[in-house]
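A.B. asks: Residues per chain, in single letters:
Number of protein chains: 2
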Amino acid sequence: MFLAFDVDSLKYDAAGLIPAVVQDVRTNAVVMVAYMNKEAVKRTLESGETWFWSRSRQQFWHKGETSGNVQKIKEIFYDCDRDTLLVRVEQKGAACHEGYFSCFHYRILPDGGVQVVGERKFDPAKVYGKNGI
Amino acid sequence: MFLAFDVDSLKYDAAGLIPAVVQDVRTNAVVMVAYMNKEAVKRTLESGETWFWSRSRQQFWHKGETSGNVQKIKEIFYDCDRDTLLVRVEQKGAACHEGYFSCFHYRILPDGGVQVVGERKFDPAKVYGKNGI
Numbered sequence: 001m002f003l004a005f006d007v008d009s010l011k012y013d014a015a016g017l018i019p020a021v022v023q024d025v026r027t028n029a030v031v032m033v034a035y036m037n038k039e040a041v042k043r044t045l046e047s048g049e050t051w052f053w054s055r056s057r058q059q060f061w062h063k064g065e066t067s068g069n070v071q072k073i074k075e076i077f078y079d080c081d082r083d084t085l086l087v088r089v090e091q092k093g094a095a096c097h098e099g100y101f102s103c104f105h106y107r108i109l110p111d112g113g114v115q116v117v118g119e120r121k122f123d124p125a126k127v128y129g130k131n132g133i
Numbered sequence: 001m002f003l004a005f006d007v008d009s010l011k012y013d014a015a016g017l018i019p020a021v022v023q024d025v026r027t028n029a030v031v032m033v034a035y036m037n038k039e040a041v042k043r044t045l046e047s048g049e050t051w052f053w054s055r056s057r058q059q060f061w062h063k064g065e066t067s068g069n070v071q072k073i074k075e076i077f078y079d080c081d082r083d084t085l086l087v088r089v090e091q092k093g094a095a096c097h098e099g100y101f102s103c104f105h106y107r108i109l110p111d112g113g114v115q116v117v118g119e120r121k122f123d124p125a126k127v128y129g130k131n132g133i
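In order, the protein sequence lines correspond to chains A and B. One point on numbering: in this note's numbering, the residue at position 101 of the first sequence is 101, and numbering is uninterrupted. One point on numbering: in this note's numbering, the residue at position 66 of the second sequence is 66, and numbering is uninterrupted.
Check the hints yourself; a few may be wrong.
Which copy is meant is left open, so a pair is good if it fits within one copy or across any two.
Cross-link-like lysine-lysine pairs, in silico, BS3-like; alpha carbons within 30 Å at most [what the hints assert, rightly or not]:
id : residue 1 : residue 2
1  : K74       : K121
2  : K38       : K72
3  : K126      : K11
4  : K38       : K126
5  : K92       : K126
6  : K121      : K11
7  : K121      : K92
It is worth saying that the hints were derived from the structure and are not from the lab.
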């Protein structure tokens, strides 16, 4: 899918990356933000599932490859500056490696405190083992 | 509001910035992504409206100051890596300087083409004058 799109028409930063906001189409929850390089954009467009470039591990990262929690792409948008992607997906299971549906589960409260929002959908230790992601 | 939150607990990149995804609470549309430095996070938390650091202009940017299209903050979240903010707002008017409600109005089509989605809410030339933003 989306094979003919010109990935060179997007703007990548000095490290060759473009941020991608991932939003679940059923709940409209913003579930995560991660980064793609040009090859990850190509793989995403070709496969219909999200591929990222992991800045911490310096390697490609097919979301859900370990956990099974893949993101099936329904729509992709870019913004007026051509430097950010919005990827609307069907999120399988949960997006966050901490087991929550969304990575954005820490809410800043008016009193300056922080509230954890949402339920754990899975136990990270069981899905990823001791090594995390 | 949110005055007591410790802005040092967030992770800023090498340029001192943290990306902020802005989502409208009524439509759940992701309307823009922009960047805050620590002082912009403080001003946002204090004022209840979004403040950013403009990377292109290298100055603070109170969203809506020129256009009137301010973003009233309803909820703020940070993610599991503490390096991205999700700011849920009531978007007045339209977020995009091109006059669309969302900056993400370019949809990539399966045939590789691009479709402009959404209606123009205002004429940028009338709001910003000839100089754009």
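A.B. asks: Run every hint past the structure and note whether it holds.
C.D. replies: Hints, one by one, checked against the model:
| no. | hint | in the structure |
| --- | --- | --- |
| 1 | K74 with K121 | both (23 Å within a copy, 26 Å between copies) |
| 2 | K38 with K72 | within (19 Å within a copy, 35 Å between copies) |
| 3 | K126 with K11 | between (38 Å within a copy, 28 Å between copies) |
| 4 | K38 with K126 | neither (33 Å within a copy, 37 Å between copies) |
| 5 | K92 with K126 | within (17 Å within a copy, 44 Å between copies) |
| 6 | K121 with K11 | between (35 Å within a copy, 26 Å between copies) |
| 7 | K121 with K92 | within (11 Å within a copy, 35 Å between copies) |
Consistency with the previously given hints fails for number 4 only.
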